[in-house]
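Chemist: Under our numbering, the first residue of the sequence shown is numbered 1, with each subsequent residue one higher.
Treat the hints with caution; some may be incorrect.
Result set (DSS-like, lysine-lysine): computed pairs, CA atoms no more than 27 Å apart in a straight line [what the hints assert, rightly or not]:
#1 K187 <-> K96
#2 K20 <-> K230
#3 K209 <-> K170
#4 K99 <-> K121
#5 K179 <-> K155
#6 K187 <-> K99
#7 K155 <-> K77
#8 K209 <-> K230
#9 K187 <-> K97
#10 K83 <-> K197
#11 K73 <-> K209
#12 K96 <-> K77
#13 K99 <-> K278
#14 K155 <-> K209
#15 K278 <-> K209
#16 K160 <-> K187
#17 K72 <-> K121
The calculated label-pair distances, taken between Cβ atoms and stated as ranges, are [claimed, not checked]:
#18 H271 <-> R348: 38 to 46 Å
#19 S321 <-> P237: 21 to 29 Å
#20 T339 <-> L299: 51 to 59 Å
#21 K230 <-> E186: 31 to 39 Å
#22 K197 <-> R17: 14 to 22 Å
#23 L245 <-> R123: 24 to 32 Å
#24 R348 <-> K73: 22 to 30 Å
#25 S329 <-> S195: 24 to 32 Å
#26 A127 <-> K179: 52 to 60 Å
#27 K197 <-> I346: 44 to 52 Å
#28 D336 <-> R123: 53 to 61 Å
#29 G101 <-> R123: 48 to 56 Å
#30 G193 <-> D288: 57 to 65 Å
#31 D288 <-> K77: 55 to 63 Å
In short, the hints are calculated from the structure, not lab data. All figures in this text were calculated on a predicted structure; none of them were measured in a lab. Virtual Cβ for every residue (Gly too), placed ideally from N, Cα, C.
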Amino acid sequence: MYRIVFIDLLAINYTMRIMKAIALLSGGLDSTLAIEVTLDSAIVSLEIEALHFTTVFCRCDGAQGECGSSAKKIADKFNLSVKNINNTSSLLEAVKKPKYGYGSNINPCIDCRISMFRSAKERMNQAGASFLITGEVLGQRPMSQHLSALSLIEKETNLKGLILRPLSAKLLEPTIPEKNRWIDREKLLAISGRSRKEQISLANLFEIKDYPCPAGGCLLTDPGFAMRMKDLLTYQPDFELNDVLLLNIGRHFRLNKDLKLIIGRNEKENHTLTNLAKADDILFEIADYTGPVSLLRGLFIEDDLRLAGRITARYADIDSSAVRLKILSDDTIAPDNITALNNTEIDRYRINV
């Protein structure tokens, strides 16, 4: 007697096949869990390459570079290669003219995500990868992570069905990796909303520790920074990277539509202001006294310089009712007989909250 045995050659082929995916790795908990869950759910042999995006607006990748170093640690944990992509140029253009508008402050989240996914798609094609992985959670971000926004981003990037969101996958339409049985949908999750209890429980389960930036890692979502950014957009819409770098330094004052004053708050900021000064800027300090360095950017007359000096004098350690200004670019003393403005007068010009 003969027994007829049917063998699913397609299933065997996929199980033995080594496939590749690209994971967007911020260095935070959600993107870490997304990789963990994807690897646990993989039916095929899966190789993952991580992409870590940074911009000038990233809080975590500032002086300490917490997210950058965390992304590297996470990549090492999973034995992944990681490629760093600076997305500043694209995001600056999005801030100037966002196709899909701003969030609650001046954050063009949808345009930003579209830009990131376009870069990720380009890398996916270069690497011969078959799909993308992200740690996005349905409903976690009010602007960019609701269902219609996720669909819009996929449409704009021509990535429909190719973005696996393992933390919320069971709340979304099955993706190509799930349909093709590269990933077991039953092992994916159904997390939604802004609570992070489920993620924290999973972090304990997977023994993931020291994860940075649970939320709010972008300066464009910060109300104080957004006020400075809006001022820049209003009065200097053709701004450059140098102008943006100044926004997170010192005290900012709008003297008139053509002129801005920035005053250093400590020695480090004084040094940074000096390094970022352009040829047409005026750098000055209060002569004969310890105090801040000030940067004046824009068109001005002597009365404007005197006003800038009076604001600066308020923050200098002086014991005289009248002081002189020292112009640092040419080491001259001018103008003199400067008296400090009081706080009420200064508030008329203050940009930050």
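Chemist: Run the distance test for K99 versus K278: straight-line Cα separation, threshold 27 Å.
Modeler: Violated - the C-alpha atoms of K278 and K99 are around 31 Å apart, more than 27 Å.
Chemist: Within 21 to 29 Å or not, the Cβ separation of S321 and P237?
Modeler: violated (41 Å)
Chemist: Do the alpha carbons of K73 and K209 lie within 27 Å of each other, as the hint requires?
Modeler: holds (11 Å)
Chemist: K155 and K77 were given as a pair; does the straight-line alpha-carbon distance stay at or below 27 Å?
Modeler: The given pair, whose Cα atoms are some 33 Å apart, is violated under the 27 Å limit.
Chemist: K160 and K187 were given as a pair; does the straight-line alpha-carbon distance stay at or below 27 Å?
Modeler: holds (21 Å)
Chemist: Compare the distance between the alpha carbons of K187 and K99 with 27 Å, and conclude whether the hinted pair is satisfied.
Modeler: Given pair K187, K99 is violated - Cα atoms ~36 Å apart, limit 27 Å.
Chemist: Does the alpha-carbon distance linking K20 and K230 stay inside the 27 Å limit?
Modeler: violated (42 Å)
Chemist: Is the straight-line distance between the alpha-carbon of K187 and that of K97 27 Å or less?
Modeler: Outside the cut-off at roughly 41 Å; violated.
Chemist: Take the C-beta atom of T339 and the C-beta atom of L299, compute their distance, and say whether it sits inside 51 to 59 Å.
Modeler: Violated, since T339 and L299 (Cβ atoms, about 24 Å apart) do not stay within the stated range.
Chemist: Compare the distance between the alpha carbons of K96 and K77 with 27 Å, and conclude whether the hinted pair is satisfied.
Modeler: violated (38 Å)
Chemist: Do the alpha carbons of K155 and K209 lie within 27 Å of each other, as the hint requires?
Modeler: Violated, at about 35 Å.
Chemist: Given the range 38 to 46 Å, decide if the beta-carbon distance of H271 to R348 lies inside it.
Modeler: violated (29 Å)
Figure legend: structure checked against the earlier numbered hints; hints not met, in rising order: 1, 2, 6, 7, 8, 9, 10, 12, 13, 14, 15, 18, 19, 20, 21, 22, 24, 25, 26 and 29.
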